[in-house]
Amino acid sequence: MLRFALSRLLLVVPTFVGITLIAFLFIRILPGDPVLLMAGERGVSPERHAELMAQFGFDKPMWRQYVDYIGQLLQGNFGHSFSTKRPVLEEFMARFPATLELALCAIVLATVLGVAAGILAAVKRGSWIDQATMGTALVGYSMPIFWWALLLIILFSTSLGWTPVSGRIALTHYFPSVTGFMLVDSLLSGRPGAFASAVHHLVLPTIVLATIPLAVIARQTRSAMLEVLGEVYMMTARSKGLSPSRVIGLHALRNALIPVVTTIGLQVSVLMGGAILTETIFSWPGIGKWMIDSISRRDYQVVQGGLLLIAAMVMLVNLTVDLLYGLVNPRVRHV
Amino acid sequence: MALLEIRNLTVSFETAAGRFHAVQGLDLAVDSGEVLAVVGESGSGKSVAMLAVMGLLPDTATVSADAMLFQGRDLMSLSPRQRRRLAGRDMAMIFQEPIASLNPCFTVGFQIEETLKRHTGLDAAGRRRRAVELLDAVGIPEPAQRLSSFPHQMSGGQCQRVMIAIATACTPKLLIADEPTTALDVTIQKQILDLLLRLQLEHGMALVLITHDMGVVAETADRVVVQYRGRKMEDADVLSLFENPQNPYTRALLSALPENAVGGRLPTVAAAGGWEARP
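Chains as they are written, first to last, in the working numbering: chain Y, 1 to 335; chain U, 1001 to 1279.
To be clear, the hints were calculated from the coordinates, so they are not data collected in a lab.
A virtual CB, placed ideally from N, CA and C, is assigned to each residue, including glycine.
Don't take every hint at face value.
[As the list claims (entries may be wrong)] Here are some, though not all, of the chain Y residues that point toward chain U, as calculated from beta-carbon distances under 10 Å: (1) Arg-8; (2) Val-232; (3) Arg-238.
[Stated by the list, open to error] Ranges between beta-carbon positions, derived for each pair: (4) U:Phe-1110 x Y:Arg-125: 24 to 32 Å; (5) Y:Leu-100 x U:Ala-1061: 34 to 42 Å; (6) Y:Thr-84 x U:His-1152: 28 to 36 Å.
[Stated by the list, open to error] Covered, in the sense of this in silico footprint (three residues per stretch, anywhere, with C-beta under 8 Å from a C-beta of chain Y), are these stretches of chain U: (7) 1150-1164; (8) 1196-1208.
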């Protein structure tokens, strides 16, 4: 297991170098001059423009800029935002808990419902339950996320008035942030109604963000379960006189979870993409919205740093999934 | 009274091409302590009939019988919960593919102890002790250490020994072995058969051996049932069957044994013994 974990850890290094290169080049191939965008409508004289270009190092050759960038990164310096002048890492950390809270709720919802729906569909294969579940999953998977979000807002927020349209908590509940996670902070604040308000605000964004991963996980669980249910060891389990719940819930699910764990890990990167849209629609103050705003401002440092940090998070999740894969699959753990 | 008595068993499956009868009107009896071989070509319904006895057929199968008595109780009238109480305790089954028969995600110790947990009142330490005894009895070296092995860390022969340990954990009255040696090397085949026969004698259990191999039948069985296309063709003690087969299909089957090859060719079952294959 240790060798397996080490080999996975070693793979992180070249992946990370690749990401720095992509993050660096990505923003620079976009048209638009960052100095001009910073200057805004007032404009800037050619002398001042040249001066600022030199100050930010944009006058140097591309490779030189990349080497400087890597040098800064190795010292833990992600740079400063051109627009707010604050360190990128500080801005990221201020927004990250909002995204993490939303993503965690979404992936938990998607996993619990997706795995349950997949098991049910596989066990009731060919029945109307199977067809209804998989049909719904296909609709969920094909749904444009912004359209789905708007439909839910129209129904639950506008027509029924059950959920708020945007934000993380009602403005009447003000309290200082402790962990950055609104659910935790609202509980810690001790203010009556604060937690309920936070949950209310979280419901729709969570459903929207969880929809695609839920559909993918349900379909993957169904096909993995169907494959496992046909295995001889399932017959052995039944021949022991075990209850159907133990045969399905332990013997089948444990094997079916092996590919499902990988799928759940891959859905985390899908969540990051979905978070950008979801956060924009629900005015959720997370890193998705922050990145979109920074790209339109050509805030090189924020986009580079933000991409790198998001990529690092995704890599961390994938590394965890790889290690989990080893844990759930003894054939990987005990070679 | 026979340990297992089946009267007029029919098993059918609904297929796209219509209803397919895998077993038709089968009568079969197995006495306590007897070794019964069930032979027949692939698709003759040997395994399906025994899976019906164990209650392991999928939902797509339709099973009907005038009676399916086990120790005098009609299995057909028992609830699924009552049948699960019998399976693994009073009747057990081992399969053709030993490695595929064991769950790859659990240690062999877990898989043996699971049966004991289901059917005996033993505590965790007792189950562990019993699992070591069982592995030792089926000839696995260093049994205590092997409890923590996963199936992929063992050979096919060892996995079949583990399967036999699981099946005999609660000393069942009836053990069904569905081609237990087909997937194994010849030398291992002999060892597994010897092991099965030793355990059968030690525990006095009835052993139903489903096989294609007439050599295995001759060496191990007390009595033989020949099946063809879901029907019983012949039911005789092993000596009578080899010396004086009554049914034309049995004669055809015996004449198709490798040692009867003439000029490097074997007669087909249909051509030998004047047997006409029914549609």
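Checklist entry - Range hint 28 to 36 Å: satisfied by the CB atoms of Thr-84 of chain Y and His-1152 of chain U? => result violated (56 Å)
Checklist entry - With 10 Å as the cut and Cβ atoms as the points, is Arg-238 of chain Y at the interface with chain U? => result holds (6 Å)
Item to check | 8 Å C-beta criterion, at least three residues: is the segment 1196-1208 of chain U covered by chain Y | outcome: violated (count 0)
Checklist entry - Do the numbers back the hint for Val-232 of chain Y, that is, is its least Cβ distance to chain U under 10 Å? => result holds (4 Å)
Next on the checklist: Against the range 34 to 42 Å, how does the distance between the Cβ atoms of Leu-100 of chain Y and Ala-1061 of chain U compare: consistent or not?
Outcome noted: 50 Å Cβ-Cβ, so the 34 to 42 Å window is violated.
Item to check | Within 8 Å of chain Y's CB atoms, at least three CB atoms from the segment 1150-1164 of chain U: coverage verdict | outcome: Check passed, 4 qualifying residues.
Next on the checklist: Please check whether Phe-1110 of chain U and Arg-125 of chain Y have a Cβ separation lying inside 24 to 32 Å.
Outcome noted: Given about 28 Å between the Cβ atoms, the range holds.
Checklist entry - Hey, does the Arg-8 of chain Y contact hint survive, CB to chain U under 10 Å? => result At 20 Å from the nearest chain U Cβ, Arg-8 of chain Y fails the 10 Å test, so the hint is violated.
Hints 1, 5, 6, 8 from the earlier list are contradicted by this structure; the remaining hints agree with it.
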